Amino acid sequence: MADTRTITVNVNGEVHTNTINVRKNLIDYLRDDLGFTGSHVGCEHGVCGACTLDINGETVRSCLMLAVQADGTAITTIEGLADNGVAGDLKKSFAEKNALQCGYCTPGMLASAIEYINAGGNADKDKIRRHISGNYCRCTGYQAIVEAIYSVAENGGN
Amino acid sequence: MTGPRFDFDKPGKYIGQPTKRGDTKRLLRGRGKYVDDLTLPRMLHAAFLRSPVAHGKILSIDITEAKKVNGVIRIFKGSDFIDVVKPYVGVLSHLAGLRSPPQMPIAIDRVLWQGEPVAMVVATSRAIAEDAVSLIEMDLEELPAATNMETALDKEEPIIHSEYDSNLSWERTVDVGDVEEVYKRDDVTIVEKQFRFGRHTGVPLEARSIIANYDPSENQLDVYYSGQAPHMMQNIYSKHLNIPEENVRVISQDVGGAFGIKIHTYGDEFAATAVAKIMERPIKFIADRYESFMTDIHARDHVVNGKMAVSKDGKILAIEFSDITGIGPFSMYPRTSAIEANQILNLTGGPYVVPNYRANSRVVFQNKNMMCQYRAVGHPVAMAICDGLVEEAAAAINMDSVELRKLNLIKDNAYPTTTASGLKLDDLSHHKAINKLVEMMDYEKLKDENNKLRNEGVHRGIGFVSMIEITNPSPAFYGVGGAHIASQDGATIRLGAGGGIHVSSSVTEQGQGTNAILAQIAADVFGVNIDMVQVTTGDTKTTPYGGGAWASRGAGIGGEAVYLAAEALKDQVLDIASVMLQSKPEDLNISDGNVVDIGSDDNRISLSDLARTVYYRGNELPSDMPLELIATRHYRVTDMPFVFTNAAMAAHIELDVETGIIKVLNFWAVEDCGRVINPMLVDEQIRGGVVQGIGSALYEECLYSDEGQLLNVTLADYLVPMAAEMPEIHVAHIETPTKTSVLGAKGAGEAGTGGAPAAIINAVNNALRPLGVTNFQIPMTPNRMLETLKAANFK
Ligand code: FES
Ligand code: FES
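Chain order of the listed sequences is Z and E.
Counting in numbering that gives the first Met the number 0, the first sequence runs without a single skipped number right up to 157 at its last residue.
Counting in numbering that gives the first Met the number 0, the second sequence runs without a single skipped number right up to 794 at its last residue.
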């Protein structure tokens, strides 16, 4: 069919080549075709941030991107986050501060938090609040999340 | 009454400690198991055509073009369910007079609200199913709609159900004492206000999700459900799809937030389940955000005219109000849509001594999405009415509102007692809570600061609420009214051969940390390291029968069942150990995974050695020795209809009089939920609840046109609180354990949502009053504020 294309992406270090419908969103491709169900869908219109992940070092909302646009890129989802370094520190800190309840916002929240720390974000609660204001969390009062990111920032990010 | 026990707070114990949740390991590695993560063999996907109008007659539905789409397997209309689904009716016998007609999953010949399902496409993918939905031709004759709840009972309005004489679904009046006598006195001050509460909804980040699978060879229905009450749904599917209850298994694994939204019977989910039975294969339905806003239950649409009479010296003499609420075209099944109104009548004034009380609520049908129970059912309305009037009355007699509260709050030593509406109260601490709150926020200093700033044109306000919350419900909530909704819960704990224990409980986890606190209780009471405890919840096949998560009952009821089961398992272990070790059971204890001598704490045998002896080498034990290393216990509240908690909260806000924007500067909550099992989890539960309450007070509203069209169906135009707008929320506790249990735990999940709106409303009015205006309509949007400020006197 004319409306399919073959793409190759590197997800968490694995290379995948698939022929997919051109209209498919990146998040649907990752979840439905590749089984990386760690990234979540909360709105499909770019507002909630649940689908946020890393593509070639950029933080992206994968519901707003077509899978074909990701051809040739390297993607890191929550399943691919290391247990050390910034990602590891943040995961540890999230667990210690109870910065997640249902966990549905967590993949996107972590991606945004990593972006904040990697960009040299400092231990400033207002700035952290502003930075994660593209990520909706309905369960926590945000405070535990802010504190989790803050404590990693305070320790120099890594 | 059994408890409470006070020896838990020892070093090295888990109860009362900020223990980390085991579940976070999975969730932080993307290993969660939410419904949409699951794919079953031969699974098909559902999408729905929904009514575009609020009221209409279905003339025809043409599926010819839709059927041609490659990948479409079958299309269902409402009539296809007539032989499969027994209609359901949302009434309860203890809500006398409540009426609502039978419902079916998909409209048959008439649509009654915009968003009601009218046809269901089953296809090989959701995208294909949606393509086909857009090709269904539906011919509708639009009918006049009754959308406005305030006029729904007027003679001129269309009657939605012709079998009834009006759009009234239910009405209740409470009349205690004699309010009229009070009004006649010339030494009382009377304040009156209208309160308007916007319709809003829960917005769990994971939308409603379901996969149903049916195996005809065993007449077995399995439902993976993102929800709160698996056993309730098991009963409903059994009853209405005519499958024996034993053959229905409902599983809820990770749930991405629920808040009361995921505890009702939705037509689309019901249709998906019925179609799994019809087609004998798995059907997945995942609501998108648009469908969530349109069809997840809404809540809190209330207009209340309230009145309070106080004496010159600040004693509350009477509270009176009338409430009207529109619930959509049906009462929701099975919990009904009258509970919120009923709670408002029950709860208003509950923290205070109120000698005279008269209140009426009318629950009306209208052509809008249905309303039902969302987190803190009725509480935000009840607390806002009473504490709004308290602040008005205090202002009217020139008294500080905290003083007026202290004069009228039920004394901490006056329990047991009852509310004006007749509900039993015990073990509450309003005075301790408000004293601690005032101290924590440094009230006097803050007040001075506000006064100073007002002279500089900065408009800040402080608002309070003293509240009660219903938790740990007994059968009085639903069971007495005939609903098959359990208020008891059970726990089974077994010892494994490796020396660890497995807890299986009928309460459920949606992120509150239920599994974690059950593990804490089991580890402490039985005597093992928490790493040796596994917890299963959310599966009707493997957990004891129980109610699940609703009305803040996980810790208080589910936790108590785990406590009892852990004690029972411990007795079994010590009985066996006493025979093996030739000791008396009462001389032994379990500590850190070993049977030890009481007193010396000397290790006698490890739990794994004991379990292995029982499981593999039974020959070493006497032949009449019971071998059970598994215990089940159930628990229900028997002494009270509900176990109330109390809290005092305060908000500090700044109102920008140029833009109408309200900034919440600070928020404080002092909560008494009895014994706190895990302060870290409770604190963030309260904060999350407060944030939802702030959302409802300032941003969130489902906006309908006069014709009944929902105008905001995306997260871009239905505003939810984000991190930058939210204040630091300071939480503190008073611990007054309930006497109804050994653990003494009460619920904590809903207090924030129940109390925060009143605190915000009161804070805003505290800023407005010096300008000569007030506003009691939420959400308090910038436009509404600017409208109010038009009459303001800035001099
Ligand atoms: S799902 Fe992508 S932003 Fe909400
Ligand atoms: S933890 Fe549930 S949405 Fe954030």
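The reader is advised that the hints may include incorrect statements.
[To be verified] Cross-link-like lysine to any residue pairs, in silico, SDA-like; alpha carbons within 25 Å at most:
{"hint": "1", "chain 1": "Z", "residue 1": "K23", "chain 2": "E", "residue 2": "E129"}
{"hint": "2", "chain 1": "E", "residue 1": "K67", "chain 2": "Z", "residue 2": "N20"}
{"hint": "3", "chain 1": "E", "residue 1": "K738", "chain 2": "E", "residue 2": "K446"}
{"hint": "4", "chain 1": "E", "residue 1": "K431", "chain 2": "E", "residue 2": "K446"}
Hints listed in this document are in silico derivations from the structure and should not be mistaken for laboratory results.
Quantities reported herein were computed from a predicted structural model and do not represent experimental measurements.
Handout entry: Restraint check for K67 of chain E with N20 of chain Z, where alpha carbons must lie at most 25 Å apart
Key = holds (19 Å)
Problem - K23 of chain Z paired with E129 of chain E [C-alpha distance capped at 25 Å] - result: holds (13 Å)
Exercise for the section: Mind checking the alpha carbons of K738 of chain E and K446 of chain E for me, to see if they're no more than 25 Å apart? Expected result: violated (38 Å)
Handout entry: Holds or violated: K431 of chain E to K446 of chain E, with C-alpha atoms at most 25 Å apart
Key = Judged against 25 Å, a Cα distance of about 21 Å means the pair holds.
Violated hint: 3 only; the structure is consistent with all others.
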